[in-house]
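*Asks:* Single-letter residue listing:
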Amino acid sequence: MSLWVDKYRPKSLDSIDYHFNISKRLKSLASSGDFPHLLVYGPSGAGKKTRILATLQELYGPGVNRMKIDVRTFKTPSNRKIEFNIVSSPYHIEITPSDLGNNDRIIIQDLLKEIGQTEQIDFQTGKHRFKIVIINEADSLSRDAQAALRRTMEKYSTNIRLILISNSTSNIIPPIKSRTLLIRVPLPTVNEIVGVLSKIAEKEDIRLPSNEDEKSSILAKIAEHSDRNLRKTILSFEALAMTNDSISSACKLVELDWEKVIADLSKQVVKDRSVKNLSQSRSVLYELLSHCIPAKIILKELTFNLLCDPRVTDPMKYDIVDASSLFDERLSLGSKDIFHLEGFLARSMVIMESKK
Amino acid sequence: MKYISLDSDEGDSIIDDSLIEETGSVPPVNHPKKHSKTIKRTRSINLSELASHIGTTEKKPRHEKILSSSSKLSANLSIKSVSPSPSSSSSSPPSSSSSSSPSSSWVDKYSPTSINDIAVHPRKIKEVRTKLTSMLYHDYPPRLLILTGPSGSGKSTMVKLLSQELLSKPVLEWINPSTIKNTSHVDAFSEFLKAAKYCQGQNLSIILVEDLPFIFHEPTKDAFQAAVYQWLHYDPLTTLPPLVICLTEENFENDKNNNNFASWDITNNFSVDTVFGHKVLQSHGKYQQIKFNPVNATLMTKTLKRIVNDNSQLFNHHQLKSYLPKLVASGDIRSAILSLQCWGSWRSKAHQLPGVTDSMYLVFGKDVSFDLFHIIGKIIYGSQKVQPADLLRYSEEIPGNRQSPPDKKNCFNGLYLKKSSSDNSLSLKSSPTDQPYNIKLATNYVLCNTILASNTLDLRLLSLLILENYAIYNCSHYKLSKASKILKILSLVDTFPKWQVDLEVATDLVVRGTRISLEQDISKNQVMYLDNLGKWSLINGEKLLKNEESLRNDDKKFPLKSQGQFVNPHQKSSTSNHRSSNHHDKLGFPRDFKLMKKSRHTKDAVNFHRYQKSQTSSSTIGILSFNDTNLYHGYYEAVINQQKQFKGKSYGYIAQQFKDKNYAGHPPSRLQNKIDELSQWSTQKNLLIKRLGGEINSNGGDQAGGTVSTMMGDLGRNNIAEYYKNYEIYQGNFGEENDYSEGELEDDPIDDDGDDDNVGGGDNWSDGEMMSDSDLDNF
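Listed in order, the protein sequences are those of chains L and Y.
Each residue of the first sequence is one higher than the one before, starting from 2 at the first, in our numbering.
Each residue of the second sequence is one higher than the one before, starting from 6 at the first, in our numbering.
These are computed hints drawn from the structure, not numbers from a lab.
Heads up, the beta-carbon is just placed ideally off N, CA and C, and yes, glycines get one too.
A hint or two may mislead.
[As the list claims (entries may be wrong)] Below, simulated SDA-like cross-link-like pairs (lysine to any residue); rule was C-alpha separation at most 20 Å, straight line:
1. L:Lys82 <-> Y:Lys284
2. L:Lys200 <-> L:Asp18
3. L:Lys253 <-> Y:Tyr239
4. Y:Lys649 <-> L:Asp310
5. Y:Lys284 <-> Y:Tyr239
6. Y:Lys131 <-> Y:His143
7. L:Lys272 <-> L:Asp310
8. Y:Lys129 <-> Y:Ser109
9. L:Lys8 <-> Y:Asp609
10. Y:Lys591 <-> L:Gln281
[Stated by the list, open to error] One-sided and incomplete, this derived list gives chain L residues near chain Y with beta-carbon spacing under 7 Å:
11. Ile17
12. Lys233
13. His341
[Said to hold, decoys possible] Listed next, the stretches of chain Y that the computed footprint assigns to chain L, with coverage defined by at least 3 CB atoms under 8 Å from CB atoms of chain L:
14. 291-298
15. 602-616
16. 647-653
Required output: the full structure, derived from the provided sequences and hints.
*Replies:* Written out as C-alpha cells, the structure is:
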C-alpha cells in the first residue's frame, strides 16, 4: 500500500510510457558493457530519477532495489561533525549534497574518494566493476564541490560512474558538462499524461465518465493544472479520486495549498493597493517562507498570477515583468528574501496605481 | 562617631582565612555571629574610611574596591558603628573632606545614605520595599527578585539601602572570585547559593547578586541557571532568605563574522530571557521582576543641583545651565555625577590653558546611545526637536543652505535656532521667507546624523525593524510610492556584499532613505503650523479634512497650507493629544527570528519525512528532493491520507451494517477488499495526516501561534492525538473489530523525541512584539 506515485512507478525501462527514444538510448548504453558519466537534466516531474533507477536495474538486476539508509559522519575543516544520510544499495549510492549547504565539498571529496578507492566486488552478477554514484540536485552543488567533483571523475573513473541529476545545466560548470553525457528529459505532453492517468484509473478502479472524450478532457485538465509535472499530476489525481467518489467534469480540482495562498495574495494585491495591505501581505509572505517555499517560486507564481489577472492591463504587464526580473536578481544576490518579495509587491502596486 | 576596630576574633570564623583571602567571596556564615547584630555600615562612608586606613586613595573600579575591602573585612576586620541617629549620619559628608580631597569620587561621596535620598521614584521604592518585606517575613513568598533596568538607575543602591532599613545590616553580596581553590569556577556560584540558604534566623540577610558569573561561558550559564532553578524549587516548606539579582539588560552588536543571524541568545542579547532561561522563568509565582526606568529628569536634576551647590566654587553657572540637561538626558546617575565631577574639576583649571573654548565642555557626558526601538521611532516618526549639541556639531554640514552671516549668533545657514522654554532643546526656525521644507530637511539631516553617530546599529536588524515598522507611520495612510521607495532601498542594501560596501554607507542609506522617503510625504500631506511657543509642529491632514479615502488615493488634492498659521492654544492641545495617542500604530519587533525558527522546524519535519519515506518498502525512488517533498507531497499526501482515513471509517461502518442486517452473512467481496486495503494502509507508520510543517495560513498566521505546528515532535504528537481521537470515535460508534489505531499508538518511533526542545518554541517572540509604554514615552 502506498501512494500511486510510488505504486505505479515503472521499474524497468521497457515499461516507461513516454519518451521512448531516451529509454532506448539508455538501454543500449546499459547493455554496452561500459557506462559513461551522465548528466540527466530536465524539469521537475519529467521522470529523470525513474529512468535512472530503471537503467540501474538494467545494469545490475533487481539488486539495486534493495536500498538502505546509512548515517555517515563527516568532519569539517573546523572540526565540526556533520551527520549525513546516504541511500545505498550494493551497486549504487545516492547522495543529496544540497542537504549539507556549504559543506558539500567535504562530502564529495571524502565520500567519493572512499568509494573510488575500493574496487567493486560483485559475486552475483559480476557484470560491472564500477559503482554508480547518483548525485541529486546537482545544480545546487557549490562551485567548490563541482571543482572537486571534476577531479574525482577523472581520478577514480575505473571504480565510479557518476550520474548527476539537475533541473538545468546552467549552474553546472563547463568542465563537468564536457565530462558527462548530457541527457535531457523533457516534460511529458498532455496526451502522454492522459495515457498514464487512464492506465492508473483502470487499475485502481476509479469511476470516470464513460464518454471517452469527456474522460480525456478531465484528465487533460488535471495535467494542465499541474503544469504537466507528472509527480504533481498523479498526486493531485489521487487526491481528487480520494475526495470524490466518481470523477466528473464538475469536480473541483484539489489545489495545492501554497499555490492557493499565493493566488489569493496576488488577487488581494490587485484589489487593494495601499500601504496597509502591503504590511498585511508581509504576514502572508512570512508564512510562506516559513514553510520553506522557495522565494523564487513565490516570486514566479506571484508574477504569473498578476499577469493573468483581468484587471492588469497590457502596459502594466511589461512593467511587472520588468520589476519581477529586477527582484529575481536581488533574490539571488541578497540574503533576506522578505525584502525583495515585499519590494516586488510594492513595486507592482505602484505600477498598477500609475498606469490605471 | 564611627570607628574601626581591628578585631582578631578568628575563633568564630568557620572557614579558613587563607581561603577567604584567596577567593574574595564572602561565605555567608562568615560574619562572626556575635557581631552580626551590631554591624551597621553604610558603604560609602566605610569605604572612604577604609580607603584612608588601607592607604588606597586612588580611584578603583567599584567592585574591586568592594572586593578588597570585603575580603579584608571577612578576614579580621569588623566595623562597628555606634548606632548613629539617621539625621546625624548626614546626607552631606563633612565639607572639609570635599574640599581637601578632590581625588575622591563624587559617586561614592554623594551616594545616598538613606532611602529617602535615592534618586528613584518613590513609587518604585515602595514597590521594592513591599516585595522585600514580604520576602523577608511572609510565608511562601517569592524567592527571587529580579531587578532590571539601565545602568545607573539605582538598582543595587536601593537594595543595599533597603537592607539597612529593614534588617539594619549590609547585604550579602556575591562577588565573582578571581581565583578559587577547591571548586571550579563553574560551580562557585551554586556553592555560594547553597551556603546562602543558611542565612536565616539571626543571620537573616538579603542576598544580592549583581556581579553575575561569567554566563557567556555555556557550562557556567547552565550551572548558574540550574542553581537559580534549584533555589526556586528548594523544599517549599523551608523559608529562604530573599535573593535579589540585578540585571542591566542590553543588546550587543552581532558578531560581524557570524552570518548566521538566526540565533537570539545571550551572545547578542543580554536580557532576563537569555540570562535565566525558560526553565527558571516558567516557575511562576516563585520570582518577581521589577523594571527600573532611567532616572527621571526631576530627580536627577535635584541630585545634581545638590552636588553643584556643595561645590559651587567649581562651576560657571551660566554654562552649567546648558550643560546639565545633557547630563540629565542620559538617565544614568552614576555617569552623570562622574561627568559633572570631571567637568567641574576641568573647568577650574581650564582658564589657565590657552586656546580653550567654551564649546569644548561638550565632550564630557555619556554618549546617549539609543536602543533600537528608540532609533526606529526616530527614523519613522521623525522629530521636530534636535539636541543643541548635535545641532552645533552638524550645523555647518546642513546641505543646501546659505552660509550663515558670521555676526549673527544662533543663526545657521539662514535658519534660526529657537530655544524651547520648557526643556531647553533647540528647534530650527526659518526666517519668514523660507520654505518649511527647508527646516524639515535640516532637522532631518541633524537627526539622521545623530542616529548614525550612535554606535549601536546593526544593519541587518535595523533593516528588518524598518521593514516591520515602516507601515505604522501615520497608520499606513500615505502614498504607496513612498513605501515602494523604502522597500527598494531595503532590497538594494540587502544585496550589498558585506566585504565590498562599507557597512556605514549601507546603514546611512537605510536611515536617510527611510527618513526622507517618509518626510517628503509630511511636507505635502500634512500641515505645518507655528504654535505659540514658536515651535514648528505638524498636524495630520487627516484630522483636518477628515477624508481618509481621498487622502490615500490622491494627496495632491490637499493644498500645502503655508507656514505661519497660528492656532489657538485650545485647539493646539487637542490636536497634539490626538497626535501622541492615535497618530501611528505601535512599533513591532521583526518577525524574522520567528520565521527562521519556523522554517528550520519545517525543514526538519520535511527532511525527517523524506528519509523516513525512503526507508519504507513502498519507496521506489530513493530520496525525494526536498522541494518535491515539501511542495507536492507535503500537501497532497496529507489530503490523500485524510481521505483514506475517512473512507476506512465509512467502509467499516457499511460493512457493519451488512453484518448487522445479515446480508448473506458477509459484506460483498469488493467492499471487503477495500476494507482490507484501507486497514492495511492505516497500519503504516508515520502517515502524513497534516500538512508537512503545518497548515499554511492564508491570513499569514498572524493570530498568535497555534495554527502552525511546525516541530517534528509536534508532528508526531499530532498524529497520535489524531489517532486517539479516531480511536475513541471508533470505539464509541462501531464496536471493536477494527483495531488499526492501536498499533500506531504503541510504537510511534517519534513519540519520545523532541520533547524537551519544544518547550520554549512557541513563546519566544510573539509576532510584532509590542513595546511597553515606557518605551513609547521615550519618543
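*Asks:* Hey, L:Lys82 versus Y:Lys284, does the alpha-carbon distance stay inside 20 Å?
*Replies:* Answer violated: L:Lys82 to Y:Lys284 is near 29 Å, above 20 Å.
*Asks:* What's the verdict on L:Lys200 and L:Asp18, does the C-alpha distance respect the 20 Å limit or exceed it?
*Replies:* Roughly 10 Å separates the two Cα atoms, so the pair holds.
*Asks:* Verify the proposed pairing of Y:Lys131 with Y:His143, using a straight-line Cα cut of 20 Å.
*Replies:* Holds, because 17 Å separates the two Cα atoms, which is no more than 20 Å.
*Asks:* Does L:Lys233 pass the interface check with chain Y, least Cβ-Cβ distance below 7 Å?
*Replies:* 5 Å, holds
*Asks:* Within the assertion that chain L covers the stretch 647-653 of chain Y, do at least three residues meet a Cβ-to-Cβ distance smaller than 8 Å?
*Replies:* Per the Cβ count (3), the hint holds.
*Asks:* Are 3 or more residues of the stretch 602-616 of chain Y near chain L, judged by a Cβ distance of less than 8 Å?
*Replies:* holds (count 7)
*Asks:* Verify the proposed pairing of L:Lys8 with Y:Asp609, using a straight-line Cα cut of 20 Å.
*Replies:* Not satisfied, since the Cα-Cα distance of roughly 26 Å exceeds 20 Å.
*Asks:* Would the pair Y:Lys591 and L:Gln281 pass a check requiring their Cα atoms to be no farther apart than 20 Å?
*Replies:* Between Y:Lys591 and L:Gln281 the Cα gap is close to 15 Å, so the pair holds against 20 Å.
*Asks:* Sort out whether L:Asp310 lies within 20 Å of L:Lys272, counting only the CA atoms.
*Replies:* This hinted pair holds, its Cα atoms lying about 10 Å apart.
*Asks:* Between Y:Lys649 and L:Asp310, does the CA-CA distance stay at or below 20 Å?
*Replies:* Given pair Y:Lys649, L:Asp310 is violated - Cα atoms ~36 Å apart, limit 20 Å.
*Asks:* Is the hinted pair Y:Lys129 and Y:Ser109 satisfied, with a Cα-Cα distance of at most 20 Å?
*Replies:* 30 Å, violated
*Asks:* Go through the hint on L:Ile17 and say holds or violated, using the shortest Cβ distance to chain Y against 7 Å.
*Replies:* 13 Å, violated
This entry does not satisfy hints 1, 3, 4, 8, 9, 11 and 14, going by the numbered hints stated previously.
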